[in-house]
Structures are given as C-alpha cells and as structure tokens.
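S.K.: Residues per chain, in single letters:
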Amino acid sequence: MREDNAAADEIAHDLEKRGIAVRLDRADISWGESWAAHVRSTVETTYTFGLIISQDSSRYTHDWEEAATALDRRGIDVVAVATPPPFIESLAGRPVFNYADPSPGGRLADRIELGAAINFDLLSGSQFEALVADLLRRYGYGYQALAWAGRSTESDNDYDLQVAHDPRGDEKFLVQVKDYRHRGRISVNDIQRLAVRAREHDARGILVTSGQLTSVAKKAVDQINGSADHLQVLDSLVLRQMLVANPDLAQQYLTAPDTDMASK
Amino acid sequence: MNGAHASNDLRRQLDLCPMGKAGWQDFEQIGVNTMTHLFVPPLQPPRIQPRTLAGAERRDAVFANRQRDPQSNWGLLHADHGARMILIEFKNYDKEDIGPEEVAETSGHLRHAWGRLAIMCCSKKPTPSAHRRRSTIYSDEKKLILFVTAGDLIEMLDIKDRGGDPSDLILDRVEELYLEHD
Chain A
1 MREDNAAADE IAHDLEKRGI AVRLDRADIS WGESWAAHVR STVETTYTFG
51 LIISQDSSRY THDWEEAATA LDRRGIDVVA VATPPPFIES LAGRPVFNYA
101 DPSPGGRLAD RIELGAAINF DLLSGSQFEA LVADLLRRYG YGYQALAWAG
151 RSTESDNDYD LQVAHDPRGD EKFLVQVKDY RHRGRISVND IQRLAVRARE
201 HDARGILVTS GQLTSVAKKA VDQINGSADH LQVLDSLVLR QMLVANPDLA
251 QQYLTAPDTD MASK
Chain B
1 MNGAHASNDL RRQLDLCPMG KAGWQDFEQI GVNTMTHLFV PPLQPPRIQP
51 RTLAGAERRD AVFANRQRDP QSNWGLLHAD HGARMILIEF KNYDKEDIGP
101 EEVAETSGHL RHAWGRLAIM CCSKKPTPSA HRRRSTIYSD EKKLILFVTA
151 GDLIEMLDIK DRGGDPSDLI LDRVEELYLE HD
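Going down the list, the sequences are from chains A and B.
So in this note's numbering the end of the first sequence lands on 264, straight run, no missing numbers.
So in this note's numbering the end of the second sequence lands on 182, straight run, no missing numbers.
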C-alpha cells in the first residue's frame, strides 16, 4: 500500500544488509480492483513473501488474509510484518512480526532465513517422525504405551503414536504421521479411519503431514469435527510456525538453502 | 515458460474466462491446457475429440494413462477402475444447471475400452440430482464420473507449484464419491 512505502524501503534496506535479495512490489491498486488477486497473479515463485502492514492500511485486512491463504497453498512462506504501532497479532493463522526495537531488521532477517531453511522434503521418513515427536514433546504431549512400533501391527496403519497432553493421561490423542514425499497425502480414507479409531479409544486424533490437505480432505475433517474438535491437523504450514517458535529444533533437523524475498 | 509462470498464466485465464456460451470454447481450451500442464507427464498428451451438440461444436479431451504402478495415483486409478483412457468433458454453464442429463451424457461418451473413469470439468458445482445420478451410474455400471470445478483446477495448480502431485485432489474426489455412495 502507498502508505507503507517508507516502511517497506527501510525494511528492504535492513534485509539487504543481511544479504537477502528483496523485490518490492509497489503496484498501486485502484479502487474496485482486488489487491489479493493482484498478489495471486503477480507472485510466481519465491521462498518468502513479506507482507508489510500498518494501522493506516488496516482496511485491507481481509485482502491480506485472502492473499496470504492463496500463497500458503502454493507453499510460499508468508511473513506478515506490522510496523509500529502494532495493531494486529495474527493474520490467517500466523503470528504477525512486530517490526519494533530491539533490532527489528536483524530479527526479521533471522525469521526469513529460518523459514527458508524449513524444507521437509530434505528429511527422511524417520527423521520427519523424530522431528514430529520432538515437536509434540515441546508442546506438552507425553508418550503412552504405543509408540512407532504399533504402526504396522496393532493399529494397522490407522495411527502411529498414542500420546497424552496432561500429566494423568486422561486426555488421549492418537497421532498419524505421514511425510508427504515418502508416504503420500493424508487421504479422505485416512481421515475417516483415524476418526473411527479415535472414537474406539475414547481419544482425539491428530493428523500430521509434511504436505497440505486437499480441500476435499479439509472438508472431511470439518464434517467429522462438526462443532467439536475430534481431529486436529498439523500440516506443513502449522509445522513451519511451530518450528519458527522453536528454532533450535529447526536447526537440529534442517539445513538452509539460499534465501530470496519478495515484499509488498 | 517455467512451471510457476505457466501456472500463473493459467490461473489468470481461468479467473477471466466468461461463464456460459460466450466462453465455452475458451473454457475448453484453457481446461485442456491446464490439465496438460498438471498431468502430462505422467499421462500422455491429450487427444481432442470434436463432436457436435445442439448444432455447436464441442471438444472433449482424452488422456491415455500408461501408469501401472498402483503406488502412483494414476496407476491406482488404472488398477481400481481400469482407467486406460481418461475422458474429460467440459461444461461451461452459467445460469443453467449442470444436472443429471449432463452426467448421463458424459457416461454415454465413456467407451468400454477406455475404462470406467471420466471427469466433468465444470464452471459451477453440479446440482444434487447430478450427484444422485452419478451415484446410480456407479451402482449400475461401476463407472466413475468425477466433478472438477475451475476452483479445483486452480487448487491443483497450487499443489503442483508447492511440489506436490495435483492428482491427489482427483483421488480425494474419488474417495469422496465412495463415501457419498455409501
């Protein structure tokens, strides 16, 4: 947005100092045109899309969400950056980066480099499973009796882990983990089977994928959940945010390619 | 033209294509181009089949499927549904419904030697009675008629751009049909 040009220049300057290539899109969208449509058709391939937002341009929040969601589906890391004063904490499921002291340029560069390093395709199937196990532990999930070994025997591929989220183990979860490159998508059938198995165990289900669910699969999850939360989905977008919040795990499991950034 | 650039080009064309008679030929061409971008390879380039319907020339596309490994999506569709040739019919409707007659028409064009999978590429969602008709066709003849909208084509472009297999959506549509049938 025109209001944010000065902030965009400052942010681009800070990032370029760190060696991150930045392309600024200053397209002036006239009234009645869709900014989200402009972003969808302009952005082709980039590791990171920086969305610079300010209180002055807050009327475009819906457009930002639409654009961020569209780029998410293409696997582009969308980083929403709010210039001071901060007025929004999250955007379409991601925390908004607050571009304020201390050293905002350096912190933003760290965030972008970390996001660019997160490439689940670099992991083997067992590495991805180990990463998921560590992340679940980090978020307070403790293991119960069944572990990975249960996958090919008792559970007949319906789930991979049984975990609990409270010290007494009252709140049980069955977890199915699929790394997309080796085990393919989480299908509608997988979703149905995990839901049935979770009901049998008086548990809830967690579906973890290094990819994303199709719209058909998402609809299947929504239909099962209804107004409750029987199934949770940790897809590549959620996992990326979890790793950004746990950079030590990201660094432990993943290595960084070159970074590149397009910015609005 | 690189993959992401081609995808963006096709997204723009799909967004701009007018619904209804005015955009029928464009819809067919953009649809064929999009499916070719998405599925060739592993499918073979499409053969275009002209036919006349109510005095207007229509063009369907047929993609040969030589995938036989059931671990792959198209190989699984061959194993489960004998999908040797994939028939795509385009329905660029505006105010009119995409209903049971259109489903029956597509089913009628699916030749025995091609297998039992056809895709109706639609500008809008088919009606509930169209869904019922395809369920009956599946019960009686084991023919699978999938509905794919322009929005689905865009989603498959997104899947391809993020390095995934766009036919994942096709398989999920098949599983959705199984559940609908039950």
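Calculated directly from the structure, the hints in this document are not laboratory data.
Among the clues, some could well be false.
[What the hints assert, rightly or not] Result set (SDA-like, lysine to any residue): computed pairs, CA atoms no more than 20 Å apart in a straight line:
#1 A:Lys-218 <-> B:Glu-155
#2 B:Lys-160 <-> A:His-201
#3 B:Lys-143 <-> B:Glu-175
#4 B:Lys-143 <-> B:Glu-155
[As the list claims (entries may be wrong)] Chain B is faced by these chain A residues, among others (derived, beta-carbon under 8 Å):
#5 Asn-5
#6 Ala-36
#7 Glu-44
#8 Arg-193
#9 Arg-197
#10 Gly-211
[To be verified] Ranges of calculated distance between the beta carbons of each label pair, as one might list FRET restraints:
#11 B:Arg-132 <-> A:Gln-223: 15 to 23 Å
#12 B:Ser-72 <-> A:Val-196: 25 to 33 Å
#13 B:Gly-82 <-> A:Asp-121: 51 to 59 Å
#14 A:Glu-65 <-> B:Arg-12: 38 to 46 Å
#15 B:Asp-15 <-> A:Glu-65: 15 to 23 Å
#16 B:Lys-95 <-> A:Leu-122: 48 to 56 Å
Glycine included, every Cβ here is placed at the ideal spot set by N, Cα and C.
S.K.: Take the hints in turn and mark each one as holding or not.
M.R.: Structure-based check of all given hints:
Among the hinted pairs, A:Lys-218 with B:Glu-155 is consistent with the structure: their alpha-carbon atoms are about 13 Å apart, no more than 20 Å. Only pairs whose Cα atoms come within 20 Å are accepted, and B:Lys-160 paired with A:His-201 is rejected, the gap being roughly 37 Å. Using a Cα cut-off of 20 Å, the hinted pair B:Lys-143 and B:Glu-175 holds, with the two alpha carbons roughly 14 Å apart. Proposed proximity of B:Lys-143 and B:Glu-155 is contradicted: the alpha carbons are some 25 Å apart, above 20 Å.
Hint status for A:Asn-5 relative to chain B: violated, with the closest Cβ pair at about 25 Å, above 8 Å. The restraint placing A:Ala-36 at the interface with chain B is violated, with a minimum CB-CB distance near 11 Å, outside the 8 Å limit. For the restraint placing A:Glu-44 at the interface with chain B, the shortest Cβ-Cβ distance is roughly 4 Å, inside the 8 Å limit, so the hint holds. For A:Arg-193, the interface hint is violated, the least distance from its beta-carbon to any beta-carbon of chain B being 11 Å, above 8 Å.
A hinted interface residue such as A:Arg-197 counts as satisfied when its beta carbon comes closer than 8 Å to some beta carbon of chain B; here the least separation is about 17 Å, so the hint is violated. A distance limit of 8 Å between C-beta atoms decides the matter here; for A:Gly-211 the minimum to chain B is near 6 Å, and the interface restraint holds. Checked against the hint of 15 to 23 Å, the pair B:Arg-132 and A:Gln-223 passes, with Cβ atoms roughly 19 Å apart. Between B:Ser-72 and A:Val-196 the C-beta distance comes to about 27 Å, which sits within the given range of 25 to 33 Å.
Range check, B:Gly-82 to A:Asp-121: about 33 Å between beta-carbon atoms, so the 51 to 59 Å window is missed. A C-beta distance of roughly 21 Å is found between A:Glu-65 and B:Arg-12, which places it outside the suggested range of 38 to 46 Å. B:Asp-15 and A:Glu-65 have their C-beta atoms about 19 Å apart, which keeps the hinted 15 to 23 Å range intact. Under the hint 48 to 56 Å, the C-beta atoms of B:Lys-95 and A:Leu-122, about 50 Å apart, fit the expected range.
The structure shown violates the earlier hints numbered 2, 4, 5, 6, 8, 9, 13 and 14.
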